[in-house]
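Engineer: Relying on the hints, combine the two individually framed chains into one complex.
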Amino acid sequence: MTVEKGTLEIKNLSKSFIVDNNPLLVLNNINIKFPACAFISIIGGSGCGKTTLLRIMLGLDTSYDGEALMDGERIVGPGSNRGIVFQDHRLLPWLTVGENVAFGLDRLNRKEKKLLVDENLKLVGLSGFESAYPSQLSGGMAQRVAIARALANKPEILLLDEPLGALDALTRIHMQKELERLWLLEKITMIMVTHDVDEAIYLSDKVVIMSSRPGVIKKIIDIPSSRSRDRASSEFMQIKAEILKEFHLGTEYPFAYAI
Amino acid sequence: MKNMLITRKTKSRLSSFIFPIVLLLLWQFISSAGYASSAVVPSPKKVLNTFQILFTQQTFFLNITASLERVMIGFLIGSLTGFLFGLLMGLSRTAEIIFAPSFHTVRQVPMIGWIPLIVMWFGMTELPRILIISIAAFYPITLNTFAGVRSVPREYLELASVYGYKRFKLIRRIILPAALPSIITGLTLSLGMSWAILMAAEIFIQTEFGIGTQIQMGRQRFNMPLVVTGILTVGLLGFVMTMMIEKLARIVDRGRAIGNEN
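Those protein sequence lines, which keep their order, are chains A and B. All the letters of the first sequence, read from the start, carry residue numbers 22 to 280 under our numbering. All the letters of the second sequence, read from the start, carry residue numbers 9 to 270 under our numbering.
Just so you know, these hints were derived from the structure itself, not from any lab. Be aware that a few hints might be false.
As the list claims (entries may be wrong) - Pairs of lysine-lysine residues, derived as BS3-like cross-links and limited to a Cα-Cα distance of at most 25 Å, are as follows:
hint	chain 1	residue 1	chain 2	residue 2
1	A	Lys198	A	Lys32
2	A	Lys240	A	Lys134
3	A	Lys175	B	Lys54
4	A	Lys134	A	Lys32
5	A	Lys132	A	Lys198
6	A	Lys134	B	Lys53
7	A	Lys175	A	Lys208
8	A	Lys134	B	Lys19
9	A	Lys32	A	Lys240
10	A	Lys54	A	Lys240
11	A	Lys198	A	Lys261
12	A	Lys132	B	Lys177
13	B	Lys174	A	Lys175
14	A	Lys135	B	Lys177
15	A	Lys26	A	Lys261
16	A	Lys175	A	Lys227
17	A	Lys266	A	Lys26
18	B	Lys174	A	Lys135
19	A	Lys54	A	Lys175
20	A	Lys227	A	Lys261
21	A	Lys261	A	Lys239
This is chain B alone, in the form it adopts within the complex (with noise of 0.2 Å):
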């Protein structure tokens, strides 16, 4: 049973290179066969050079680890403020009624919109791009807590009022669980929003070190291979920084997780 069960997984997981690798053989089709000219399409192999050749040299990575530093403060302020003020809206009416509205209108601003605003108020510095990125982070998981607060089944909550559960014991051992897969959402699109922006913070807020610096220098030297290798890491990234949070949330949340499993 137990093999069975690992066969299968296997399975899914080898199921899942197989649109990947279908790209890839597309991509060295249309190199291959001529269709583009490799200036504008580069080949596989000559991507796969520029990575090598990439890995060999500091600023590579010197501007992996600032996209990543940069994100991850965006993030953590971001989603930390999200979270608290979702929460503090989820759990009272008039805080809702108060604040809900103009975070509503604010909400529709497009991230792009707010660059050239921070930019006059704090100059092409590295505040400017991490406040972008807390802004990008700050909606979804505002929302998601929100969402995820107010959803607590009333029966949680009656259990709890029989128990003599009050406050902040209602809130740590009750509210909060319960929301929990709905701020763990928020936090994945919050990531995921906060590394989209990523790009527009480092091309528009010009910087000495970042992928997005790397992406538009290639841009500027008509340098595609460049272009591209930065495009993919931003990709793996992304990805991988995605299946970290997923791993994390079914730590967390284990007795859920479990139920799920079947």
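Excised from the complex, chain A in its bound form (with noise of 0.2 Å):
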């Protein structure tokens, strides 16, 4: 059987972690499947595993009863076919921009990294930094680095924890913007943990609902409109209350929202 590249799988997996000597469920009977170039949200309250299976994903941890596989193949480690841009952007300090998003690029030549770290700060709109600090970025420029850096690595699929969480509204939004266009012009698949409703229904095909203690999925909701989504048509709003009714939230979105 030939897989499309940049496809993943979660067949049957549960996981649990050993609290005080007791097994504490934490993934219960995970079922998904990512096709190939879709963009993905996970959405879930704190303690639904998200995180964890973001990790089983990157092969970070790999003890886990099921199965997760990518392109078919069960992952036994992390790879450079997947990329993670983390929550805070984990630039090093002691380097440089250019540095930094040329970290997983050892294997490559000067003038070949060079190439690609160019081509990847252009990318994402910040030709010219590459010998700035990142202590000399603004958060959402460093978070621009840091996708700048999974992305360099030329990854089937890249994998965001809740990536735009530790920005501000307004470059928050913007970013959002710039997630899609990079997306679009990528072609690569793109899996998101995230908070925010409005953010996974801006960007996501599918929006895959979890809930907690154990994580197990709840819903998977497509969302059927085409890109360059308005926030506030009606559409929008029914998939949001759509989703916050399975956080029992339903109710109170008139009141929350509506202002």
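Structural biologist: This is how it looks when you write it as structure tokens:
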């Protein structure tokens, strides 16, 4: 069976941690298929195991029951076919922006590295910043560099762990547009964990809703509308209501969000 | 904007001179008001004269170079072994379990306490002097390297494992740079300790040349200006060395130094 590159599949996956000598189930029987080139958001309250799931997909955690398959093959560790952007930009302060972007490019020679660094910094709109240090950048810029670092490795899948969570509201909206632009341009699979319902609807083809303790998939919602979504459209609002209902926030919705 | 910055910098530099000048005036006042005999508290002028005389004598420079050489060799040996030892304990829990209790026990022995033992082993030669300085340099760098390695943020290690960094590459590219500020603090402290213990090493283990020798000689001849010039020389040279190491730290650690400027 051949699988299209950039496909990730989770089958019957369960995971427990040992807490005070007792097993604590954090993920229970998870089944999701992430099709190639899709943008999928995972949304859920804290403690729903979404970060654990992301770590499993990344290959940082390999002790679980069930299967996590990347392009049809079991994930045994981190690999350059999966990139990650964390909530904190996690740039190394002693390296310049350029060196940070080249962090995973050791196998290449100097010239190829420079080419990729330039290309990816240009992609995120930060050409000319390669010799700046992370401490000289704003939060939004630092996160762009982190995205460039992840993309420089040419991953088939980009995992995003609340990538815009640490940014202020306006930068956040701007960065959501940027993420959409990059996704359309790069044509890779993006899997994003987020707390922000608007962000999930704005960006995703599918929104996976998880509930907590143990983490299970509650519902998967397809977002039908075309790209460049209008956050004020009635369709957008309807989907939002549907998602919020899953968190038992449905009744509060008219009051909290209508202002 | 740039001009303002410069003037502010100059201003704070100038402020650093206020306190030494006050001390100098106080010293001058005490000696000229006759509160103390000039044999016990020599006047600043007398000390300055002694400095002028010393500068014409070869012995003074031989003393300085002998002391500097001693400190440099002792510091290099002590800080290099301390760095490697701290790194080993930082990287390996097993090494920590094996060595840390002994290390923390031995560390309690005051530096001066080592002198009789080492002299009885090696005699009144250059080796015990350097050994004492090495021991003094060893502790701070060991402790700070260890602490630095252990406090590398978990997030950086996770990032490194995502990109497949392992063993030497992990140590060289992530752990050491992340621990660098702590290691530099350790080096600065080690240098301070070496310089501080130098006097004891030179006074208790008598030697022909050394600033400690000069101070000791001044004491024996009741030549107070010679003692005071010796002490001032030690202080000033120590200050210059600390400045140099801090400057070096800023060059090595450019990324973070830039962040701290603002």
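Engineer: Next, verify each hint and record whether it holds.
Structural biologist: A quick look at each hint next to the structure:
1. A:Lys198 <-> A:Lys32: Violated, because 32 Å separates the two Cα atoms, which is more than 25 Å.
2. A:Lys240 <-> A:Lys134: Violated, because 42 Å separates the two Cα atoms, which is more than 25 Å.
3. A:Lys175 <-> B:Lys54: Given that 25 Å is the threshold and the Cα spacing comes to 74 Å, the pair is violated.
4. A:Lys134 <-> A:Lys32: Given pair Lys134 (chain A), Lys32 (chain A) is violated - Cα atoms ~37 Å apart, limit 25 Å.
5. A:Lys132 <-> A:Lys198: Given pair Lys132 (chain A), Lys198 (chain A) is violated - Cα atoms ~31 Å apart, limit 25 Å.
6. A:Lys134 <-> B:Lys53: It is violated: about 64 Å lies between the C-alpha atoms, which goes past 25 Å.
7. A:Lys175 <-> A:Lys208: 11 Å, holds
8. A:Lys134 <-> B:Lys19: 45 Å, violated
9. A:Lys32 <-> A:Lys240: Holds, because 16 Å separates the two Cα atoms, which is no more than 25 Å.
10. A:Lys54 <-> A:Lys240: 13 Å, holds
11. A:Lys198 <-> A:Lys261: 18 Å, holds
12. A:Lys132 <-> B:Lys177: With Cα atoms ~21 Å apart, Lys132 (chain A) and Lys177 (chain B) stay inside 25 Å; holds.
13. B:Lys174 <-> A:Lys175: 21 Å, holds
14. A:Lys135 <-> B:Lys177: 21 Å, holds
15. A:Lys26 <-> A:Lys261: Distance ~31 Å between Lys26 (chain A) and Lys261 (chain A) Cα, so the pair is violated.
16. A:Lys175 <-> A:Lys227: It holds: about 23 Å lies between the C-alpha atoms, which stays within 25 Å.
17. A:Lys266 <-> A:Lys26: Given pair Lys266 (chain A), Lys26 (chain A) is violated - Cα atoms ~35 Å apart, limit 25 Å.
18. B:Lys174 <-> A:Lys135: 24 Å, holds
19. A:Lys54 <-> A:Lys175: 21 Å, holds
20. A:Lys227 <-> A:Lys261: Satisfied, since the Cα-Cα distance of roughly 13 Å is no more than 25 Å.
21. A:Lys261 <-> A:Lys239: The hint holds at about 16 Å.
Comparing the model with each earlier hint shows violations of hints 1, 2, 3, 4, 5, 6, 8, 15, 17; every other hint is respected.
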